[in-house]
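Here the protein sequences line up with chains A and B, keeping their order. Per the working numbering, the first sequence starts with residue 68, numbered consecutively. Per the working numbering, the second sequence starts with residue 68, numbered consecutively.
A couple of the hints might just be wrong.
Sample of chain A residues lacking proximity to chain B, with all beta carbon distances greater than 12 Å (derived) [to be verified]: (1) Asp150; (2) Ala204; (3) Asp316; (4) Trp323.
Residues on chain B that point at chain A, a partial pick, calculated with CB under 8 Å [unchecked claim]: (5) Leu172; (6) Asp175; (7) Val179; (8) Arg194; (9) Met215.
These aren't lab readings, by the way, just hints derived from the structure by calculation. Note that the structure is a prediction, hence the values are computed from the model and not measured. Note that CB positions come from ideal geometry on N, CA and C, so glycine has one too.
Number of protein chains: 2
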Amino acid sequence: MYSISQLQDLINKQIAEKQYPVQPNELYEPISYIMSLGGKRMRPVLLLKACELFDDHILKALDPAVAIELFHNFTLMHDDIMDNAPLRRGKQTVHSKWNENVAILSGDVMLVKAYELMMRVDDGILRQVMQIFNETATGVCEGQQTDMNFESMMDVGVADYIEMIRLKTAVFLGGSLKIGALIGGAGQEDASALYAFGENLGIAFQLQDDILDVYGDPEKFGKLVGGDIIANKKTFLLIKAFELAENIDEEELNYWISAENPEPATKVKAVTEIYNRLGIRQLAEEEMNEFAEKALSALERIDADGDKKNALRVFAEELLVREN
Amino acid sequence: MYSISQLQDLINKQIAEKQYPVQPNELYEPISYIMSLGGKRMRPVLLLKACELFDDHILKALDPAVAIELFHNFTLMHDDIMDNAPLRRGKQTVHSKWNENVAILSGDVMLVKAYELMMRVDDGILRQVMQIFNETATGVCEGQQTDMNFESMMDVGVADYIEMIRLKTAVFLGGSLKIGALIGGAGQEDASALYAFGENLGIAFQLQDDILDVYGDPEKFGKLVGGDIIANKKTFLLIKAFELAENIDEEELNYWISAENPEPATKVKAVTEIYNRLGIRQLAEEEMNEFAEKALSALERIDADGDKKNALRVFAEELLVREN
Chain A
68 MYSISQLQDL
78 INKQIAEKQY
88 PVQPNELYEP
98 ISYIMSLGGK
108 RMRPVLLLKA
118 CELFDDHILK
128 ALDPAVAIEL
138 FHNFTLMHDD
148 IMDNAPLRRG
158 KQTVHSKWNE
168 NVAILSGDVM
178 LVKAYELMMR
188 VDDGILRQVM
198 QIFNETATGV
208 CEGQQTDMNF
218 ESMMDVGVAD
228 YIEMIRLKTA
238 VFLGGSLKIG
248 ALIGGAGQED
258 ASALYAFGEN
268 LGIAFQLQDD
278 ILDVYGDPEK
288 FGKLVGGDII
298 ANKKTFLLIK
308 AFELAENIDE
318 EELNYWISAE
328 NPEPATKVKA
338 VTEIYNRLGI
348 RQLAEEEMNE
358 FAEKALSALE
368 RIDADGDKKN
378 ALRVFAEELL
388 VREN
Chain B
68 MYSISQLQDL
78 INKQIAEKQY
88 PVQPNELYEP
98 ISYIMSLGGK
108 RMRPVLLLKA
118 CELFDDHILK
128 ALDPAVAIEL
138 FHNFTLMHDD
148 IMDNAPLRRG
158 KQTVHSKWNE
168 NVAILSGDVM
178 LVKAYELMMR
188 VDDGILRQVM
198 QIFNETATGV
208 CEGQQTDMNF
218 ESMMDVGVAD
228 YIEMIRLKTA
238 VFLGGSLKIG
248 ALIGGAGQED
258 ASALYAFGEN
268 LGIAFQLQDD
278 ILDVYGDPEK
288 FGKLVGGDII
298 ANKKTFLLIK
308 AFELAENIDE
318 EELNYWISAE
328 NPEPATKVKA
338 VTEIYNRLGI
348 RQLAEEEMNE
358 FAEKALSALE
368 RIDADGDKKN
378 ALRVFAEELL
388 VREN
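Based on the provided sequences and hints, a complete structural model is requested.
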């Protein structure tokens with residue numbers, strides 16, 4: 068059985084060795100650049116781990132694993148334009164380093180290259196793998212648009228929010244796992260159970276992200292704590308706080324949400340205190356745990372080697388107790 | 068045998084009937100919008116015509132034909148952002164009507180939907196069809212980037228230019244025809260000959276476009292005559308003129324290319340006169356005819372019904388004598 072770090076090494080090596088055409092430079096260099104910025108490679112690791120549940124020969128899943136990572140980075144390249152983000156993992160984003168047109172077109176060709184690599188599976192599963200890939204890609208786009216729409220909507224409920232993160236993050240983890248399972252030779256039932264594992268894990272993971280943005284250790288979290296609060300981002304925490312806040316808490320929350328150019332640290336402190344008074348952190352953790360449990364119970368149902376399932380369970384749990 | 072206008076009707080009906088999810092609205096409405104703006108549907112018509120050469124039952128090629136048109140409109144949606152174009156076929160472009168983020172993301176999902184529809188072919192040809200689609204999509208992106216690079220390059224030669232339009236326009240026509248042929252059950256040799264037909268036709272078509280931009284009847288051409296001249300666009304005509312111009316012609320050409328804010332009509336008239344003195348129109352027509360002949364001789368090689376081949380030849384010739 069491969070360890071997570073062995074899988075990450077395999078993936079990083081495959082990514083580093085990938086040669087793109089030299090010309091046109093502006094089309095292919097940004098792909099190598101964004102792919103070299105690193106990251107946990109969570110999605111391709113999950114794909115390989117899912118394959119390994121059913122077959123020890125996981126190298127045949129390596130190209131599709133890189134395809135998933137290419138797709139993920141394509142979405143980041145385009146999202147960064149839409150968010151006007153200057154930095155990604157501490158380095159310049161593609162549209163800052165080159166320009167917006169380069170980031171649009173290089174992203175487009177990256178999506179095509181992801182399809183190309185994803186096709187490197189046996190004929191017997193080609194159509195199903197491509198269908199899963201289409202569905203997850205569609206979900207990610209729908210989730211991203213819904214997320215952008217939420218910015219200007221005042222009546223986003225918890226259920227809307229969960230559906231948005233399901234589309235934007237969770238179906239993609241589910242899809243990665245299901246593709247890995249099919250490459251490993253899993254039956255439909257096991258493949259679907261792995262999808263459910265990934266989908267619920269993805270929702271739990273995103274809820275954890277919301278919690279860490281407010282309550283994470285700034286040194287370990289690696290981003291500005293309270294960034295979501297400063298940006299009035301409609302996370303589970305803010306939506307739940309609006310649902311529960313009454314009287315002074317409600318007034319104060321409204322004040323901070325509509326304040327023009329408030330001092331960031333003061334706003335973060337004030338909103339966090341409202342969250343604390345309403346017990347939002349605990350509610351978010353309960354919600355997260357519920358999805359985490361659903362994920363783990365789906366994993367239990369799978370007919371595969373106990374040690375391998377256990378390794379996947381441990382990986383999932385580590386993803387959820389992460390502080391970065 | 069279907070007439071061209073019957074095929075256009077079939078395609079337009081299929082496009083009009085296509086239902087996208089209602090939500091998120093900003094993701095799917097732009098797709099229906101841009102697809103409804105019309106056009107000659109040249110690419111899907113060619114795909115269906117290629118299928119018909121080998122099989123009268125062309126309805127099975129209708130979804131892949133719409134996939135090609137979706138892909139084409141995806142490139143237009145993203146190109147319009149990159150070109151800052153306010154109008155497309157006399158109507159607002161997607162990024163003007165909505166905004167840039169909508170045009171980026173809606174375009175992305177359009178590419179995914181094109182893959183989805185393109186997969187609606189028999190298992191026996193699925194992989195090959197998808198590979199052709201990947202290659203042509205890659206070509207279009209490479210061609211678009213090369214075209215953008217040409218804007219700031221002074222030493223673009225005729226061969227570079229032909230390679231650029233081959234990638235940007237011609238491989239896509241070739242790919243559409245080859246996919247249609249495979250769906251119709253063509254052998255590899257005939258499918259490749261149809262690719263060559265499309266590729267050469269595409270280059271001839273683009274050269275004709277360059278000629279029409281300067282010499283077309285403004286009423287029939289439907290765009291501003293001389294638009295390429297005003298924008299210093301490196302077309303075959305300008306590149307050839309730079310190659311041939313000497314003494315006063317060269318000086319004058321350099322003057323107009325580097326003039327700041329010249330009066331547009333005066334510039335168009337002056338540069339056209341240089342073209343006339345150098346016999347550029349005739350050279351461009353000779354170049355175009357050479358590619359057109361290559362296209363038609365590839366068509367001749369194909370083992371298919373003479374009447375059907377003739378219909379395709381007539382369609383190609385009409386594309387090349389068009390004034391709009």
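Verification of the supplied hints:
1. Listed as a non-interface residue, Asp150/A fails to keep its Cβ farther than 12 Å from every Cβ of chain B; the least gap is roughly 9 Å.
2. Chain B draws Ala204/A into its interface by the beta-carbon criterion, the shortest separation being 5 Å against a cut-off of 12 Å.
3. Interface exclusion of Asp316/A from chain B stands, the closest Cβ pair being 31 Å apart, more than 12 Å.
4. Non-interface call for Trp323/A relative to chain B: holds, since the shortest CB-CB distance, roughly 26 Å, exceeds 12 Å.
5. Taken as an interface hint, Leu172/B checks out: its beta carbon lies about 6 Å from the nearest beta carbon of chain A, inside 8 Å.
6. Restraint check, Asp175/B versus chain A: the minimum CB separation of about 6 Å is within 8 Å; hint holds.
7. Hint status for Val179/B: holds, given a least beta-carbon distance of 5 Å to chain A, under 8 Å.
8. The beta carbon of Arg194/B comes within 6 Å of a beta carbon in chain A, closer than 8 Å, and the hint placing it at the interface holds.
9. Checking Met215/B against chain A: minimum C-beta separation of about 7 Å stays under 8 Å; hint holds.
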